[in-house]
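Chains A and B, in that order, are what the protein sequence lines are.
Numbering-wise, the first sequence is residues -11 to 458 according to our numbering.
Numbering-wise, the second sequence is residues 8 to 184 according to our numbering.
Calculated directly from the structure, the hints in this document are not laboratory data.
Check the hints yourself; a few may be wrong.
Residues from chain A that keep clear of chain B, each with C-beta distances beyond 10 Å, as calculated [stated by the list, open to error]:
#1 Ala34
#2 Met53
#3 Arg296
#4 Asp299
Example chain A residues on the side facing chain B (calculated, C-beta under 7 Å, incomplete) [to be verified]:
#5 Gly22
#6 Arg39
#7 Trp155
#8 Phe167
#9 Ala168
#10 Ile175
#11 Thr190
#12 Asp193
#13 Arg220
#14 Leu227
#15 Leu235
#16 Val453
#17 Lys454
All figures in this text were calculated on a predicted structure; none of them were measured in a lab.
Glycine included, every Cβ here is placed at the ideal spot set by N, Cα and C.
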Amino acid sequence: MANGTTTPTDIENGERRSLSSQLPPVVGPGHTMGSVTDKISSVVLAQQTPRGWFIGLAISFALTMVLLVSVTYLLAKGVGIWGLNVPVAWAFAIINFVWWIGIGHAGTLISAILLLLRQEWRTSINRFAEAMTLFAVACAGLYPLLHMGRPWLFYWLFPYPNTMAMWPNFRSPLVWDVFAVSTYLLISLLFWFIGLIPDLATLRDRSPSKVGRFVYGLLAMGWRGSARHWHRYEMTYLLLAGLSTPLVVSVHTIVSFDFAVSQLPGWHATVFPPYFVAGAIYAGFAMVLILAIPLRRFYGLQDFVTMRHLDHMARIMLATGLFVAYGYMMETFMAWYSGSVYEHALMQNRFTGPYAIWYWSLLLFNVVIPQALWLTKVRRNTTALFLIAVSVSIGMWLERFIIVVVSLHRDFLPSSWEMYYPTVWDWGLYLGSIGLFFSLLFLFIRFLPMISIFEMRTLLPDSEVKESNP
Amino acid sequence: MSAKIHGLMAEFSDPGALVSAARSAREEGYVRVDAYTPYPLEELDEALGIRHTRLPLIVLIGGILGGLAGFGLQYWTSVIDYPINVGGRPLFSWPSFIPVTFECTVLGAGLFAVLGMLGLNGLPQPYHPVFNVPRFALASRDRFFLCIESTDPKFDIDETWGFLSRLQPRQVSQVDE
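With the rest of the complex left out, here is chain B (with noise of 0.2 Å):
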């Protein structure tokens, strides 16, 4: 097969299984690994060495933005472009300004959040190579991926292979790019 592979794939069963074959293959020095579950599972972090995320970051500066934002919209209207009395009270009643503001922060940040994640993840993604391994369909059920990617620089499509197969994986297959 000449065609261009993404990498080679071990299924497991167990998540337990999978954590150590994570683990196995960081310490045998792999470092384009990537792993496919059902369900978020904290132990992978830490085995695949995943780094804390900048997502609070984003959401802090999508918060500041949107509380700035209207804030500033509510003193440039009220008190600059159209400033009328409205029952004697100041033209800048900041107090009255706080709860559009309170909103307009949540809102801020929560557009920031998902957009974020999504902007992160780098999703959509309409195509991905680790679709093109048919039982790929279960990890959305109840089974776990190994993933060791050819940009591996100590990828050997034998060599991981054989080092995929010693971690008695249910079955390795091919990635076809």
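Chain A on its own, in the form it takes in the complex (with noise of 0.2 Å):
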């Protein structure tokens, strides 16, 4: 262009620049260091805390004590007080045990993977996404612990010296899935936390009162922002994130070998790992969603978590859910192709039997509703994206639900056949964990910063480095 002709390069080059332009922004005009860092702070440092938090807490609270309630009976009565029964002896408990630990995947893919394939627009919802990894295997790790009957000895599971002389069957995906979600936590939980450090220290520096400052300066642990930290704590960040990508694929195919391993017509699929792990991403991008859109509206944060980033989402969102589509269709392929009386009368339980209409409605939730996200329209629409993103947790919860009861309540013996109803204490349970993960999320975004500060920082005009003087 020196010269003042055009080349077709250069063409194409505008038409590449007036094509991204269509996009909206990943960080909103007119920000400085400075304004990010106050806007961002501001939620947490602020001294009046809205009303709608209160609001929001109050009603997370009361469901909490639901899940108080109904874990305490639990205890005292045992699980008998659910509606599972042979041959369903997993109902609930794993449904939703394989639900929540779903929706936290997508928080490692955001801060993980999607940092590996340098998206920058990820760095405005990283932060919140881990939360939400944290709480939601919290509550995930609620379940089977429950399910055990006696979960004070939930510490047997552990290869331990102990005087029963005995050791774990690691030959069992069960052992498999405490060593895999164990490890899952506390990794995501360093992430989390690592992420964290400058941002506390920013926190520790501005706090108006002498207990903030001590609280955020005992947990920033002295950070000063150093040049020789910073390349340390880069290359520590990089490493957890290639860490990370694969241990979030073997978590959830771990999960999926608890059914595919087992001989069962509906669960014994090699579909079954990568099925569950688009599954997983696909609730998670869904759940991020359904927390972003009112979160980005109610503390005014549009600037950061832009239209961009709802979009991109809301393309994952389609993508994955199509893998799922494909493997549902997969499965009902590969239960006429084996030829097998037994994977044939599954199909035809789930088509017609007396839960058809949790499978169609599933169809419905999970297929056919989010093909709305083709249309740009659609995705630009906060309130459309937020329904499809509740379409899609319901789908994906009710798609468990066939996986685990439609494949047991009709096993290889029709004596045995049973249905299952779940009681008020199963929903009573499931319900109280959602109140938790409201409860940890609503603490979260007041007392720590929701989006990552500093990374936000990097993606401003002022970040780059113009040396006047070589």
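With the hints as a guide, bring the two chains together.
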């Protein structure tokens, strides 16, 4: 362009530029490092807590009380208060375990995989997506523990020298689960905390109260932003991202092994690991959207979580939704292709059996409704996106219900067939865990920065090094 | 002021000025120099001569130790200490040991990464002299600081002060020990 002539590449570049300018920006215009810092930290450091926060926490906390009542009654009476029985011995406990842990996976995907792929837009959503991961895994962990019947002996699952002179059976996928989920929780916690350290230092330096300075100072561990520290910090962050990426895939693969390693029709399928991982990301992005859309409006964060973010998340949801739809198709095809009468019977039971209405609702919520995301208009409409995300969350829950209950309730022997109906305690525990999840989330957005401040600074135009005298 | 000093600190308001200043300090012959920034600045690594960190090696060792420990635990419990026939499978049914071995590898590497980073950085550190400069609180907001430490062989309070002032900082301040 320097010589004034226009070459074909220039035109191409120009076209690309005009194409990319149609996308909304990653950060709203006019922000400086100071304004970004002030805006995000003001949510935490504000003297006045917004009324909406109290209302939200009160509702979530009330539901958490439902959880405590359900757990207390369960501990007193045993798992007989639930609707499960032979042959449906895995019911809500396992459905909800898989549902919650799947939701958690989007947080790791955003923080680790999108970091490795250099997707800068992840920056403003990774912090609360990681928090969502932690809280979802905490909720997920409750269920297998409570399902054990004697949860106070949960430590028998860990290999430790004991007076019984016994060790766990390492050939069982359920023991793999213990290792996978506890590693996942610990690594996610470390990743989240490491990401928080520089922001905790910012809060320490800006907190107006003595208690705030002390607590944030303690948590920041004396972080001072030294260039040598940043150098190692960046390396750690990258390495943790590299470690979390295969970890997150392994966790849901192992969860799917709980099913796939058994010989039950509907569970014994090689498509399970990829299909479960795709489903997890699908459900997780739906939950990120459910959280992000009200949060950005309520706290006025539209400059940081822009329409660009929502659009990208909607596209990922659409893509993973198609993987999941392919999974449903393959399940049906393999059942037919296997030539096994038990597989045929299972599929017939899914389509026309007593739980058929749930199977068809699953297809509606998970496959039909999300197709609306093909339209740009829908992706740019926050209300529509929110409703589709809710639909996907319901759909993914139904998917696990179909997998667990429909496969179990009619096994190989017709004499042992039985229907499964959840009781009020099943629902109480489920609603209660949703309450716990949202209570933790409300506390998180009040006391910790929900967007990574230091990473937002790097996105600003002023952050680039422009040396005057080299 | 007879109190010992940690060094002299110059404050800049944009990253480019800090990187140029760090480079000039190195060219001037200062070696005990550190920079403080509100976000990671890759250009500083080269300007300050920060060499590659040992962290990747530490993480590799952590991963190998974790993996060996996980596999060893399963081998020892399933084959030696508590041999039990499950569905007629061989005692050393190694493919079923892979998931736990993998998880232990990631756990070992992750723990070594975090503890290694904190250890090499000397964190947690309850006290550091740079916090004695009141304006240093802005280092976690939008200001950039360059500190030449008094342990530097070339450090001379007047001369170094003069050198830092010539870099056109917003302010030069003394960091008390």
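Quick rundown of the hints versus the structure:
1. Ala34: 17 Å, holds
2. Met53: 35 Å, holds
3. Arg296: Holds: least Cβ distance 21 Å, greater than 10 Å.
4. Asp299: Label holds. Min Cβ-Cβ 26 Å, cutoff 10 Å.
5. Gly22: 5 Å, holds
6. Arg39: 29 Å, violated
7. Trp155: Nearest chain B Cβ about 4 Å off; hint holds.
8. Phe167: Cβ of A:Phe167 sits 4 Å from chain B, so the hint holds.
9. Ala168: Since the shortest Cβ distance to chain B is 5 Å, the answer is holds.
10. Ile175: 5 Å, holds
11. Thr190: 4 Å, holds
12. Asp193: 4 Å, holds
13. Arg220: 5 Å, holds
14. Leu227: Holds: closest Cβ of chain B sits about 5 Å from A:Leu227, inside 7 Å.
15. Leu235: At about 5 Å, which falls below the 7 Å cut-off, the nearest Cβ of chain B leaves the hint on A:Leu235 intact, so it holds.
16. Val453: Since the shortest Cβ distance to chain B is 5 Å, the answer is holds.
17. Lys454: Since chain B brings a Cβ to about 4 Å from A:Lys454, closer than 7 Å, the hint holds.
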